[in-house]
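**Q** Sequence:
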Amino acid sequence: MSDALNYLMEVRPDAIPHYFKFLKEAGKHLDPKTRALISVITKVHSQTEAGLRQYLLRALRDGANPMEVLDAIMMAFPALGLAKIVWAVEVILALDLPEFRPENMGAAARWHDIAAVAQFRDGKALRLDCDGRGLFVYRKGKDYRVYDSRCPHQVTNIPHLAIDGLELTCPKHKWAFDLTTGACVKKGTQPLKRFEAKVENGRLLAHW
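Going by this note's numbering, the letters in the sequence shown line up with residues 80 to 287, in that order.
Calculated from the structure, these hints are not laboratory results. Here the structure is a predicted model, which means the values were calculated and not measured. The beta-carbon is built from N, C-alpha and C at its ideal position, and this holds for glycine as well. Be aware that a few hints might be false.
[To be verified] Derived lysine to aspartate or glutamate pairs resembling EDC-like cross-links, with alpha carbons at most 16 angstroms apart:
#1 Lys203 / Asp150
#2 Lys112 / Glu147
#3 Lys277 / Asp192
#4 Lys219 / Asp192
#5 Lys203 / Asp257
#6 Lys272 / Asp201
#7 Lys266 / Glu246
#8 Lys265 / Asp243
#9 Lys107 / Asp141
#10 Lys219 / Asp257
#11 Lys221 / Glu279
#12 Lys253 / Asp82
#13 Lys221 / Asp201
#14 Lys203 / Asp222
#15 Lys203 / Asp243
#16 Lys219 / Glu246
#17 Lys266 / Asp82
#18 Lys251 / Glu128
#19 Lys112 / Asp141
#20 Lys272 / Asp257
#21 Lys251 / Asp82
#22 Lys112 / Asp82
#23 Lys221 / Glu275
#24 Lys163 / Glu128
#25 Lys265 / Glu246
[Stated by the list, open to error] Derived Cβ-Cβ restraints for the label pairs, each shown as a range:
#26 Asp141 / Val264: 17 to 27 angstroms
#27 Trp166 / Gly220: 46 to 56 angstroms
#28 Asn236 / Met146: 14 to 24 angstroms
#29 Ala173 / Val264: 26 to 36 angstroms
#30 Asp201 / Asn236: 39 to 49 angstroms
#31 Asp93 / Trp190: 50 to 60 angstroms
#32 Lys203 / His97: 45 to 55 angstroms
Sequences are here, hints too, so could you generate the full structure?
**A** Below you can see the structure in the form of structure tokens.
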């Protein structure tokens, strides 16, 4: 949440939690993807950048593809107006998410060659880039865990300096993650996005 919402939760605990409960109950008959897309539209309407970043990721996580996100925003044109749609697209472009790059729109998922397995030390984590996407890789024996470098909170691209042993802390809002599992262990609730991985001919591959 934003600093303002954290403040309101602290000083008005009698009111704000009830508001969030109402929002949850009001959408309980919708599937998660639809709820997330509606939330994206509401954040565009209010031009809340932090909220748009948060619910954009939630929509993708809940099964929406980039084209569905853009369609949802454009279908709300009569309510939003062109200026807010342009604002939303500018926010999305500034995030530089690989999924939204023109060359990747509608492209089928495929295996990407990350690096030689010899580059990864047993019991250690490493950050590197592959085909325009930042990754964290943790190796335990023959098991390789490959995570997106983007924080699941507000899409911050977490740098390599954020690694402390096997804990990764996003510099923006201090969400912390256990790189052995990807689980969020401090501040937040959502895990790192994990990609399917395999080894072929001494090379580590990941699927997205």
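**Q** Are the hints correct? Go through all of them and say.
**A** The hints, checked one at a time:
Restraint check for Lys203 and Asp150: not satisfied, since their Cα atoms lie roughly 41 angstroms apart, outside the 16 angstroms limit. In summary, the hint linking Lys112 to Glu147 is supported, as the alpha carbons are separated by about 10 angstroms, within the 16 angstroms threshold. Our distance criterion of 16 angstroms between C-alpha atoms is met by Lys277 and Asp192, whose separation comes to about 10 angstroms. Between Lys219 and Asp192, the direct Cα distance comes to roughly 19 angstroms. Violation of the 16 angstroms bound is thereby established for this hinted pair.
As the CA atoms of Lys203 and Asp257 are separated by approximately 12 angstroms, the hinted pair is consistent with the 16 angstroms bound. Distance restraint check for Lys272 and Asp201: the Cα-Cα separation of roughly 21 angstroms exceeds the 16 angstroms cut-off, and the hinted pair is therefore not satisfied. Proposed proximity of Lys266 and Glu246 is supported: the alpha carbons are some 13 angstroms apart, at most 16 angstroms. Proximity of Lys265 to Asp243 is assessed by CA-CA distance (about 14 angstroms); at most 16 angstroms being required, the pair is judged to hold.
At roughly 15 angstroms between alpha-carbon atoms, Lys107 and Asp141 fall within 16 angstroms of each other, so this suggested pair holds. Straight-line distance between C-alpha atoms of Lys219 and Asp257 comes to about 14 angstroms, which keeps the hinted pair within the 16 angstroms bound. Restraint check for Lys221 and Glu279: satisfied, since their Cα atoms lie roughly 12 angstroms apart, inside the 16 angstroms limit. The hinted pair formed by Lys253 and Asp82 meets the criterion: a straight-line CA distance of about 13 angstroms does not exceed 16 angstroms.
With a C-alpha separation of about 9 angstroms, the suggested pair Lys221 and Asp201 falls inside the 16 angstroms cut-off, and the hint holds. Restraint check: the Cα-Cα separation between Lys203 and Asp222 comes to about 12 angstroms, which is no more than 16 angstroms; the hinted pair holds. At roughly 10 angstroms between alpha-carbon atoms, Lys203 and Asp243 fall within 16 angstroms of each other, so this suggested pair holds. For the hint pairing Lys219 with Glu246, the CA-to-CA distance comes to about 15 angstroms; that is within 16 angstroms, so the pair holds.
Proposed proximity of Lys266 and Asp82 is supported: the alpha carbons are some 13 angstroms apart, at most 16 angstroms. The hinted pair formed by Lys251 and Glu128 meets the criterion: a straight-line CA distance of about 14 angstroms does not exceed 16 angstroms. A distance of roughly 5 angstroms separates the Cα atoms of Lys112 and Asp141; the hinted pair therefore holds under the 16 angstroms criterion. Taken as a hint, the Lys272 and Asp257 pair is honoured in the structure, with Cα atoms around 12 angstroms apart against an allowance of 16 angstroms.
For the proposed pair Lys251 and Asp82, the alpha carbon gap of about 12 angstroms is at most 16 angstroms, so the pair holds. Distance hint between Lys112 and Asp82 is unfulfilled; the C-alpha atoms sit about 26 angstroms from each other, more than 16 angstroms. Note on Lys221 and Glu275: the hinted pairing holds, with a Cα-Cα distance of about 14 angstroms set against a maximum of 16 angstroms. Restraint check for Lys163 and Glu128: the C-alpha separation of about 11 angstroms stays at or below 16 angstroms, so the hint holds.
Restraint check for Lys265 and Glu246: the C-alpha separation of about 10 angstroms stays at or below 16 angstroms, so the hint holds. For Asp141 paired with Val264, a C-beta distance near 23 angstroms keeps the hint of 17 to 27 angstroms intact. The supplied range of 46 to 56 angstroms is met by Trp166 and Gly220, whose beta-carbon atoms lie about 48 angstroms from each other. Separation of Asn236 from Met146 is about 23 angstroms and conforms to the stated range, judged on CB atoms against 14 to 24 angstroms.
For the pair Ala173 and Val264, the supplied restraint of 26 to 36 angstroms holds, since their beta-carbon distance comes to about 29 angstroms. Between Asp201 and Asn236, the C-beta spacing of about 27 angstroms breaks the proposed range 39 to 49 angstroms. Taking 50 to 60 angstroms as the suggested C-beta distance range, the pair Asp93 and Trp190 conforms, at roughly 53 angstroms. The hinted range of 45 to 55 angstroms is satisfied by Lys203 and His97, whose Cβ atoms lie roughly 46 angstroms apart.
The structure is inconsistent with the numbered hints 1, 4, 6, 22 and 30, although it conforms to all the rest.
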